[in-house]
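Enquirer: Spelled out, the chains give:
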Amino acid sequence: MLFAFFVVPFGTMIAVSFFERVQGGFYQPAFTLDNYARFWSLFFGRVLLFSLGLSALVSAICVVVGVPFTRALTRLSRKAQVPWLIALLCVLSLSEVIIGFAWSTLLSRTAGIGNILFALGLVEAPMSFTPSFAAVLLGMVYQALPYAVLVLYPAFSRLDPSLAEASRTLGAPPWKAFLSVVLPALRPALVATFIVVFVFALGAYLLPQLLGRPQHWTLSVLITDQAIYQSNMPFAAAMAVFLVIASVLLVTLTAAIGRNRVPQ
Amino acid sequence: MTGRLFDRLLFTLVAIFLAGPLVVIAGVSINEQRSLTFPPQGFSLDWYAQIFTDASWRAALTASVTVAALAALLSLMIALPIAYALWRRVTAFGRLVQLLGVSPFVLPPVITALGALSFWAAAGFYGQHFTVVISHAIFFTSLPLVTLVLGFATIEREMVEAARTMGASEGRVFTTIVLPMILPYMVSGFAFAFVLSLNEYIVAYMTVGFTLETIPIKIFNSLRYGYTPTMASVTILFVAVAALVFSLVAWLGDLPKLLGAWGAGERK
Numbered sequence: 367m368l369f370a371f372f373v374v375p376f377g378t379m380i381a382v383s384f385f386e387r388v389q390g391g392f393y394q395p396a397f398t399l400d401n402y403a404r405f406w407s408l409f410f411g412r413v414l415l416f417s418l419g420l421s422a423l424v425s426a427i428c429v430v431v432g433v434p435f436t437r438a439l440t441r442l443s444r445k446a447q448v449p450w451l452i453a454l455l456c457v458l459s460l461s462e463v464i465i466g467f468a469w470s471t472l473l474s475r476t477a478g479i480g481n482i483l484f485a486l487g488l489v490e491a492p493m494s495f496t497p498s499f500a501a502v503l504l505g506m507v508y509q510a511l512p513y514a515v516l517v518l519y520p521a522f523s524r525l526d527p528s529l530a531e532a533s534r535t536l537g538a539p540p541w542k543a544f545l546s547v548v549l550p551a552l553r554p555a556l557v558a559t560f561i562v563v564f565v566f567a568l569g570a571y572l573l574p575q576l577l578g579r580p581q582h583w584t585l586s587v588l589i590t591d592q593a594i595y596q597s598n599m600p601f602a603a604a605m606a607v608f609l610v611i612a613s614v615l616l617v618t619l620t621a622a623i624g625r626n627r628v629p630q
Numbered sequence: 062m063t064g065r066l067f068d069r070l071l072f073t074l075v076a077i078f079l080a081g082p083l084v085v086i087a088g089v090s091i092n093e094q095r096s097l098t099f100p101p102q103g104f105s106l107d108w109y110a111q112i113f114t115d116a117s118w119r120a121a122l123t124a125s126v127t128v129a130a131l132a133a134l135l136s137l138m139i140a141l142p143i144a145y146a147l148w149r150r151v152t153a154f155g156r157l158v159q160l161l162g163v164s165p166f167v168l169p170p171v172i173t174a175l176g177a178l179s180f181w182a183a184a185g186f187y188g189q190h191f192t193v194v195i196s197h198a199i200f201f202t203s204l205p206l207v208t209l210v211l212g213f214a215t216i217e218r219e220m221v222e223a224a225r226t227m228g229a230s231e232g233r234v235f236t237t238i239v240l241p242m243i244l245p246y247m248v249s250g251f252a253f254a255f256v257l258s259l260n261e262y263i264v265a266y267m268t269v270g271f272t273l274e275t276i277p278i279k280i281f282n283s284l285r286y287g288y289t290p291t292m293a294s295v296t297i298l299f300v301a302v303a304a305l306v307f308s309l310v311a312w313l314g315d316l317p318k319l320l321g322a323w324g325a326g327e328r329k
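The listed protein sequences derive, respectively, from chains A and B. Start counting at 1 in the first sequence, then tack on 366, and there's your number in our numbering. Start counting at 1 in the second sequence, then tack on 61, and there's your number in our numbering.
Chain B on its own, in the form it takes in the complex (with noise of 0.2 Å):
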């Protein structure tokens, strides 16, 4: 019984530790006064409106927007042949692919963003906003390599034999079998990488930062000003995104299986 009360303590804790942070930030994004109080005083929605009504914050908007779903998008067309050819053939050539798909992630992304500069400045691209597009692509594209891999090892060769043996083409049983089975896994993928992109700033800083501002980046800029209370609400904003996604995700598939644990009914 002490083991479920220590569990039930720490759940307490953890909740409060994360959660802290967002509270005062959504207290102080529905102040009245254009100040950093907490608990609020008075309670209006004006830092909410303004990040569609002021132009730069809805430049930045717009911009965090395109580039993450950009990016988001080529990540995946990246990821897929990479997945695809592994679970067709595992080759030691395939391994080092999948490697080098996941070693942009685990590497400092301060060195990453560096690679990025120092290669758009030679390539004479530095600043083009295409740059953030593909490095962030890159970047990212061990989130839907990781997902696609989980969800290929779903589809059940039989299916495929089976398919194969009635005469079906190469592509007819990848756009009838293969894609619709990894449909799901394709959408996570996407998802993963798409909040990613839109909350990254070192990259996005290192390679567009004096042409383009995302929304980290102004939150950024803005702070070396002082604090206003628009940073709040766009933290929250960008909070009940990434909380609605998820929770796509998690209606859509198995999202505890999709983080590494057994499929349910699979365990022995």
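Pulled out of the complex, with its shape left as it was, chain A reads as follows (with noise of 0.2 Å):
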């Protein structure tokens, strides 16, 4: 069933990739590499350099929050992390489009952070922050940030606290203990949970859309375009196959660079 259903239709977008377009939305088995051939251009190499420095970004800051934010958290007693985990699920359920919806509301004029900077006094009128980098960036964070403390949250709950105890005890402060022996303990789950948001932000696909400028669409955004509005099927597998290809690249790289640090 799962070969049936996730590896053929896998295969068969690798297969409509090399298609030839038929005008009016259809295509037709053929072997051209002509959709990979208008991929290989300047247009689109600036957007997969911004998908990827984006993305690259929000995995970022979702692991410089995390970290911390999820050892406070596990550190809490257990029937007082359940109301968190609970709170992260359900943002981790949200559709791209409601998180989308609820920040442009947010960041709109009339029913948010403008209204409300101006009802203190802080700005002259109530103004908009929306479209803007600002605001995908935000978008991206709030969807993938309980993404990242889920998977940090297994390691950092496992972890021995006698091995930061073991560090306080032979004198080192405790942000010392943490930098120097928390920190190298959990390199690999780091490094994981960099690469799951790294991959989960790469298929962004509406955030951008509606957040963002144009020019903040991601590649991910040019192939739904693609594919729904422009019926361009090939060329979106193609980009697909690209997008893939990349990723998997850049996780097997992030990957070995992980494991090699790993003091032992």
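One or more of the hints may lead you astray.
Stated by the list, open to error - To give an idea of the chain B side of the interface with chain A (calculated C-beta under 7 Å), a few residues:
1) Pro82
2) Ile86
3) Pro170
4) Val171
5) Val256
6) Ile280
7) Asn282
8) Ser308
Hints listed in this document are in silico derivations from the structure and should not be mistaken for laboratory results. We put the beta carbon where it would ideally sit given N, CA and C, even for glycine.
Dock chain one against chain two, each of which comes alone in its own frame, and use the hints as you go.
Expert: And the structure:
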């Protein structure tokens, strides 16, 4: 069943990426590299770079916020953790549509921060913060942070507390114990989190559309756009194949770096 | 002491960040006027009533719930034999299948969606309603798979051995020992898949977007014609459903453990 409905569609997609487009929204079997050649232009190169950079930034923010947060979370009593976990799962389950809608409302002129700043007398007139790059970034961090925390959670909650205690009794201040003992022990988990969030952010397709300007569109947006609105399946498939290759390469690379650095 | 203070500050900031957009949406959803303003002006539950009285919202709600329930059930049925086989005997093939089960969830969803679209189009079923159920079930199989593998790990093998030596058949062992013990894990696997399918947009859009409108698709389509407070109220309704389902899971079983912490008292 998995094979039939996952592996086969995946293969179909790769096949379609070599097909020829026929005007009117259909395509016919062929073997052409045109779709890939078209992708290899300056415009798409820029989009790819932007997508990778944005995803890396989202990952970095999620790790920087997620690590101290998850650590604090796992030090709470089990009972106190449960409401937090439920809240994280709730945010995690929100669809991109809803997150995009929520943030664009929050950042809008009439119903959000702009209005509140106006009420406080901080700005002259209610203002809007969207569309902007910051809005895209905020939305994507919002969507990815619960993922980051839930990936870090098992590692932190299984961490042996005596590890940090030992270094503290040897005279290290808490922050030093954290940086030199706890973090290195968790390096694989940190790398894993970075990768998971990175790939996840690479897949964002709605937030850049809802919260950003066209220059903030990522590769996933273009894939969706080509597949649905331009009806150019072969080109969309070629981009998707490229995206998979790019993310697999990066993941492998990051994983390799992460492994080498683990001190034994 | 500074550490505690830091933790508390961090909790507050993260809580504000996570709750902020939802508070605004909740405020918008009870506005009296047909406008998106915050702080809300007046109070009315009309927008909540509209989810159930307006035919198109009601249809979208029915579609979403039906798809999510069927997809979650199907994903559970795919995951159960895999997890069972893995528990009985870990083989290289079993591991491969497990990896395959998790992989759709690790790839960017747009890839899974595009794969599904090209597959259903090639198979000639494009736009049929059952395609989204199957695609979602495959997409979310990893969730029940993860919970079930954890669930099987809690079963003590001695008990199963004892039952076997007493002459219980394989089927009887399964129904009297295995099934009751993994039932909470089945329920939570189903719950995770259900809630995520309910909120899933891109796969649904690429498979049945033009023939069936689920709630996320409807919200997205409505976004193009401007905002209405009904979108806000349906969002809050969905968050409430998710909160309810996850609380139920936490009440039924050990949520920290399901998410990967050691079981209570298991830690040495």
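Enquirer: None of the hints should be skipped; say for each whether it holds.
Expert: These are the hints, each one checked on the structure:
no.: 1; hint: Pro82; verdict: 4 Å, holds
no.: 2; hint: Ile86; verdict: 5 Å, holds
no.: 3; hint: Pro170; verdict: 5 Å, holds
no.: 4; hint: Val171; verdict: 5 Å, holds
no.: 5; hint: Val256; verdict: 5 Å, holds
no.: 6; hint: Ile280; verdict: 5 Å, holds
no.: 7; hint: Asn282; verdict: 10 Å, violated
no.: 8; hint: Ser308; verdict: 6 Å, holds
The structure shown violates just one earlier hint, number 7.
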